[in-house]
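Each chain is listed here by its residues.
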Amino acid sequence: MNRSQDEIQSLGRYSEPALLILISLADSPKHGYAMTRDIELLSGQKLGPGTLYGAITRLEGREWIEPLPAEDRRRPYRLTDAGKRVLQQRLDALKTMTKIGARRLADA
Amino acid sequence: MRSRAERISRALVRRYPRAWRERYGEEMLALIDDSGSTWKHTLDLAIGCADAWFPAATRHFFAPINWIASLLGFAAVRLGSAIAIHFGLIPPAPLQNALQGAFALIVLFLLGPIFLLPVLAFAMAFRKAWNQWFGMIRGHMPEPIDPQIATARMKAMTDLGPTRRQIHILVTVTILIAIGADISTHDKTVSSLLRLPADFIPIPVVPWFTYWLIAYFRMCLLSLRMLRQLASERRRPSRVE
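From first to last, the protein sequence lines are chains A and B.
Take the first sequence: its position 39, counting from 1, is numbered 838 in this note's numbering, and each next residue is one higher.
Take the second sequence: its position 143, counting from 1, is numbered 429 in this note's numbering, and each next residue is one higher.
FYI, nobody ran anything at the bench for these hints, they're computed from the structure.
Possibly wrong hints are sitting among the right ones.
Claimed, not checked - Quick list of simulated restraints, FRET-style, between CB atoms:
(1) A:904 / B:297: 15 to 25 Å
(2) A:869 / B:301: 21 to 31 Å
(3) B:320 / A:901: 37 to 47 Å
(4) A:906 / B:289: 29 to 39 Å
(5) A:841 / B:322: 19 to 29 Å
(6) A:881 / B:319: 23 to 33 Å
(7) A:841 / B:332: 22 to 32 Å
(8) A:894 / B:329: 33 to 43 Å
(9) A:843 / B:320: 18 to 28 Å
Stated by the list, open to error - If you only want the chain B side, here are some residues facing chain A, beta carbon under 10 Å, derived:
(10) 294
(11) 299
(12) 319
(13) 323
(14) 331
In this text the structure is predicted, and so the values were computed from the model without any measurement.
All C-beta atoms, glycine included, are put in the ideal place defined by N, C-alpha and C.
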């Protein structure tokens, strides 16, 4: 298990929402509502405001995302370089796991 | 017309710690306005609010499994040592002294939080009275401040206390000291200075003792932080929404 995986998993119950947020921000900056909509389309999960901002706080604290100037009351966030690196490593790890899982399933 | 769930959700946002509200309050309210609020969201906000007030390490302190594990561990140690003494495997006197010391410490740590409860109750009562006195019982939302500053404050707030890695190092070091003390007790050639810790450190409960010590101080820090935050809210009244 590499370091980035450890870091994401250290977010505890926020690790999955955090990953979804990182994926959501991968193509463009988004504010809270846009993120929840995107994540709902992406995964079928609707994140509640408590979970969403709990995860955002932790991601921002680790400097994986950063806030942009507010538009009215909505503040968009974007991925930082560190966030992109962590997301890439996590996705690579998931890809490896998916391949292994699919191969074992095929062999069974 | 806002639904009841939405009204409660908005009220819950105002119950988050001040630093949190300053940084994310407006955004969260905007999200509730945009997406509406269901009872599921309200519950999610209530959990998030508790989470913001009580960081993970403190919740860990309250986890029943830790209390049960500690008490079972202590019981196992007592039983094991009783058997060992019965069969003459260990000279009884030093171990019994150590166990008595351990028992006193366990009682202290079990009773310790009870002494903190009146302080917390007073803090809550004080906050409620203050809100009523200034007509701010419906909650308040401070002016948004620079997100960079607010983020730094949030980080400072959540970074209090030892990290998990520091706890592991502390536990390991304490166990090593305890083992050293145990060896030195049985080896009379070791200087009396090295033997000294053995009189005070009950060897079998050292890991639990260290864990509780850290958790206990983290809880004290949290209580102080909450009181400081309440005091800062008192000094800096925010605009009523």
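Evaluated hints:
1. A:904 / B:297: 15 to 25 Å: This hint is violated: roughly 49 Å between Cβ atoms.
2. A:869 / B:301: 21 to 31 Å: About 23 Å separates the Cβ atoms of residue 869 of chain A and residue 301 of chain B, which means 21 to 31 Å holds.
3. B:320 / A:901: 37 to 47 Å: Holds - the Cβ-Cβ distance for residue 320 of chain B and residue 901 of chain A, about 39 Å, lies within 37 to 47 Å.
4. A:906 / B:289: 29 to 39 Å: Between residue 906 of chain A and residue 289 of chain B, where Cβ atoms are some 53 Å apart, the hint is violated.
5. A:841 / B:322: 19 to 29 Å: 20 Å, holds
6. A:881 / B:319: 23 to 33 Å: At 32 Å between Cβs, range holds.
7. A:841 / B:332: 22 to 32 Å: 26 Å, holds
8. A:894 / B:329: 33 to 43 Å: 34 Å, holds
9. A:843 / B:320: 18 to 28 Å: 20 Å, holds
10. 294: Hint on residue 294 of chain B: violated, closest Cβ of chain A at ~12 Å, above 10 Å.
11. 299: With a closest approach of 8 Å, the residue 299 of chain B hint holds.
12. 319: This hint holds: residue 319 of chain B lies near chain A, its Cβ roughly 8 Å from the closest one there, short of 10 Å.
13. 323: Holds. Min distance 8 Å.
14. 331: Hint holds; residue 331 of chain B Cβ to chain A Cβ min 4 Å, cut 10 Å.
The structure is inconsistent with the numbered hints 1, 4 and 10, although it conforms to all the rest.
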